[in-house]
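Participant: Based on the sequences and whatever the hints tell you, model everything.
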Amino acid sequence: MFPKGTKRKFSDSGEEAVCGGGGGGDQGPSAAPAPSPSPAAARTLSSSYSLQRQSLLDMSLIKLQLCHMLVEPNLCRSVLIANTVRQIQEEMTQDGTWQIMTQALAAAQCPADRLVATEVLCRQTEAAAQASQSPKPFSVSGLEEGYHSEEVVMDGDAEAEVAMSSLSPVSPQLSSASYLAGPFGMGPCWEDDEEDGDCDEDEEEDSEECASEGEDAERHHLRADSRTGEQVFGTFEIKHPAPPSDPALEELFSDVDPSYYDLDTVLTGMQSTPKMGPYDLLESLSSHGPTALSSSTTCRSDLNELDHIMEIIVGS
Amino acid sequence: MGEDAESPKINHTFLRDYVTEADVISTVEFNQTGDLLATGDKGGRVVIFQRETEPKGVSEEEVGDSGEYNVYSTFQSHEPDFDYLKSLEIEEKINKIRWLPQQNAAHFLLSTNDKTVKLWKVSERDKRPEGYNLKDEEGRIKDVSTITSLRVPVLKPTDLMVEVRPRRVFANGHTYHINSISVNSDGETYLSADDLRINMWHLDITDRSFNIVDIKPANMEDLTEVITAAEFHPHHCHLFVYSSSKGTLRLCDMRASALCDRHTKLFEEPEDPGSRSFFSEIISSVSDVKFSHSGRYLLTRDYLTAKVWDLNMDKGPVETYQVHEYLRSKLCSLYENDCIFDKFECVWNSSDSVIMTGAYNSFFRMFDRETGRGVTLEAWRENSKPRAVLRTRRVYTGGKRRRGDVGVDSLDFTKKILHMAWHPEENIIAIAATNNLYIFQDRVNPDAQMQ
Numbered sequence: 000m001f002p003k004g005t006k007r008k009f010s011d012s013g014e015e016a017v018c019g020g021g022g023g024g025d026q027g028p029s030a031a032p033a034p035s036p037s038p039a040a041a042r043t044l045s046s047s048y049s050l051q052r053q054s055l056l057d058m059s060l061i062k063l064q065l066c067h068m069l070v071e072p073n074l075c076r077s078v079l080i081a082n083t084v085r086q087i088q089e090e091m092t093q094d095g096t097w098q099i100m101t102q103a104l105a106a107a108q109c110p111a112d113r114l115v116a117t118e119v120l121c122r123q124t125e126a127a128a129q130a131s132q133s134p135k136p137f138s139v140s141g142l143e144e145g146y147h148s149e150e151v152v153m154d155g156d157a158e159a160e161v162a163m164s165s166l167s168p169v170s171p172q173l174s175s176a177s178y179l180a181g182p183f184g185m186g187p188c189w190e191d192d193e194e195d196g197d198c199d200e201d202e203e204e205d206s207e208e209c210a211s212e213g214e215d216a217e218r219h220h221l222r223a224d225s226r227t228g229e230q231v232f233g234t235f236e237i238k239h240p241a242p243p244s245d246p247a248l249e250e251l252f253s254d255v256d257p258s259y260y261d262l263d264t265v266l267t268g269m270q271s272t273p274k275m276g277p278y279d280l281l282e283s284l285s286s287h288g289p290t291a292l293s294s295s296t297t298c299r300s301d302l303n304e305l306d307h308i309m310e311i312i313v314g315s
Numbered sequence: 000m001g002e003d004a005e006s007p008k009i010n011h012t013f014l015r016d017y018v019t020e021a022d023v024i025s026t027v028e029f030n031q032t033g034d035l036l037a038t039g040d041k042g043g044r045v046v047i048f049q050r051e052t053e054p055k056g057v058s059e060e061e062v063g064d065s066g067e068y069n070v071y072s073t074f075q076s077h078e079p080d081f082d083y084l085k086s087l088e089i090e091e092k093i094n095k096i097r098w099l100p101q102q103n104a105a106h107f108l109l110s111t112n113d114k115t116v117k118l119w120k121v122s123e124r125d126k127r128p129e130g131y132n133l134k135d136e137e138g139r140i141k142d143v144s145t146i147t148s149l150r151v152p153v154l155k156p157t158d159l160m161v162e163v164r165p166r167r168v169f170a171n172g173h174t175y176h177i178n179s180i181s182v183n184s185d186g187e188t189y190l191s192a193d194d195l196r197i198n199m200w201h202l203d204i205t206d207r208s209f210n211i212v213d214i215k216p217a218n219m220e221d222l223t224e225v226i227t228a229a230e231f232h233p234h235h236c237h238l239f240v241y242s243s244s245k246g247t248l249r250l251c252d253m254r255a256s257a258l259c260d261r262h263t264k265l266f267e268e269p270e271d272p273g274s275r276s277f278f279s280e281i282i283s284s285v286s287d288v289k290f291s292h293s294g295r296y297l298l299t300r301d302y303l304t305a306k307v308w309d310l311n312m313d314k315g316p317v318e319t320y321q322v323h324e325y326l327r328s329k330l331c332s333l334y335e336n337d338c339i340f341d342k343f344e345c346v347w348n349s350s351d352s353v354i355m356t357g358a359y360n361s362f363f364r365m366f367d368r369e370t371g372r373g374v375t376l377e378a379w380r381e382n383s384k385p386r387a388v389l390r391t392r393r394v395y396t397g398g399k400r401r402r403g404d405v406g407v408d409s410l411d412f413t414k415k416i417l418h419m420a421w422h423p424e425e426n427i428i429a430i431a432a433t434n435n436l437y438i439f440q441d442r443v444n445p446d447a448q449m450q
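For the protein sequence lines, the chains are V and H, in the order given. Residue 0 is where the first sequence starts when you use numbering that gives the first Met the number 0, and the numbers rise one by one after that. Residue 0 is where the second sequence starts when you use numbering that gives the first Met the number 0, and the numbers rise one by one after that.
Worth flagging that the hints you see were computed from the coordinates, not collected in a lab. In this text, all values refer to a predicted model and were calculated from it rather than measured experimentally. Don't be surprised by glycine CBs; every beta carbon is placed ideally from N, CA and C. Be careful, since some hints might not be right.
Said to hold, decoys possible - Taking CB as the label site, the calculated pair distances span: (1) Asp-408/H to Leu-65/V: 20 to 30 Å; (2) Tyr-83/H to Ile-311/V: 24 to 34 Å; (3) Glu-369/H to Ala-103/V: 56 to 66 Å; (4) Ile-61/V to Arg-207/H: 35 to 45 Å.
Facilitator: Next up, the structure:
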């Protein structure tokens, strides 16, 4: 646990009860309690504060996930929750806890029955953290105790902070498959709760399953995309299925407003130019070959196939 | 349905819940004279109440039912719709109703759901012509040979009939959900605002609108702020204000440019670094903005406070009223159950001396601007009978506990007072509490000045 002394003082001010506690000041973790003006980097966090913050992050990600299937979700609410998550993530990055978490999670095994990933959101927060040179990509795909995320280390390529981790609640091996399936058809387990059961399998099975389901998903990809994007952030316009960097597709959809949450850009975590399309990312993926994904080569060939199919469908 | 002895219980529950949901009132608005009060509900219906005129010569004690509001007309304004392109339902819930200034015998109001604004004409018919020459009483054409003399048809009074007809439908103007409409003082135009854009329409033109504000970023990933409310200035037809989810207000002058993306004035309160938390931004989101009747002040409502701003000073509000500060320590729970996203409305009284806004547990708050005092009142059927005096309530937050105080933990967060209206001239307020409408009148001080 944490030693007493200075930390104790800090934790007192930060320890306003998580839910339903008394005390003054804003409830929940305060970013900078008045009595401890130490700089963020040097700040030692009480475990309760970071627990609070973690639970807040969990809660926010769940909220973004659970969107009404029938009616468009409230954009204002989604934006506010997303901003909250971004804020937490920025702070965690500054504290360095982001790093610790990603490393811990890279080694962790992923249980089969995780909740559907909220990694989509993290892509955005990733991108937001770009400015502060957040070192590693991070994705929160589970909301059990501790985080289960998959990490893909793209050496030296800060831009390619791809959430290799799953859109589907399964394995690291699945991550790249679902990643690429993402822009064109989300990880098959992403969109419907009913399909979650399919995904709760062994890790080995998942990669093949994902690939085959990915193809199925592709047929409904446009709908799936728009639905999942809407689920997360409430896209209110026709989903732009291609990355903006593709001029042919851009022309095709030039009269259509891009959706609020372009899933491909979400997944790539790109915000700054030049934008890398999923094709580019796939290439960089294969060129890097991180050890964590050594077993995902099967997936990559499937991804290539998916890619090819997608090209046909969008007619580029 | 109810034949089976076992099923009635289940059926009733189902029906009750179903009906109740559609009956939830989603907007309340008086017209400019206060004689008419319109409510919109989640089922897309509009109910208009009319104030009974007090007959002349009746003494105070005999007033009785006069001065009360009775149902004048009910109509279905919006129907549930379906966006086939996105496979999403469009709710029929009426988000806002605004009356147009009356120009002739008929009344006009604008009602809007998430996507479509409609202009309705409400007219009365209490006479009909009788004594046609060519038609008989039932309307059948008479045999010409039976007509022996000519007569002039006369108008005879009939039972009052209220007709409501849609006169304009302003569709396809918004991609996002409409949150506000506001009629301009020029009497010809109005604005409609959704999460990212504000359009200006002419009341007679339905196939075109001008986009006057567009805050949609080129890259939707950069979206961090949305429009939450907008209103035209009550006197200056070129000015309007809109509020954002980041707690800022922007005053725009349409004379400056066609697209008012650049504000004329930005009203923002500097953040207090000492009280910053992860919820700071959420609770600073402005849920409602209203110009004072004078046009000099702005009233805004965020989650915990109501603020009065002077149009001439953009550095910060001139007055801040704590609506339910005791919730500050509960923000995490309120975030969890989504109550933190509730959008409360706020209103001015006719003389701009009192402001009112809603809270939880069927409570609503009134603040006297001169004294700064606030009072908590309750809109709950069990505790109030017709003509009973509203007693003030208190939420216990420490110190000596009085009888009748309500503890913070026993507040009912499902009973929220989000929508309300204040009569434009008198001290009459209309409070919407879920599917009930409460109308309170100040008999002691019926006119504007509060005691």
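Participant: Of the numbered hints stated earlier in the document, which are not met by this structure?
Facilitator: none
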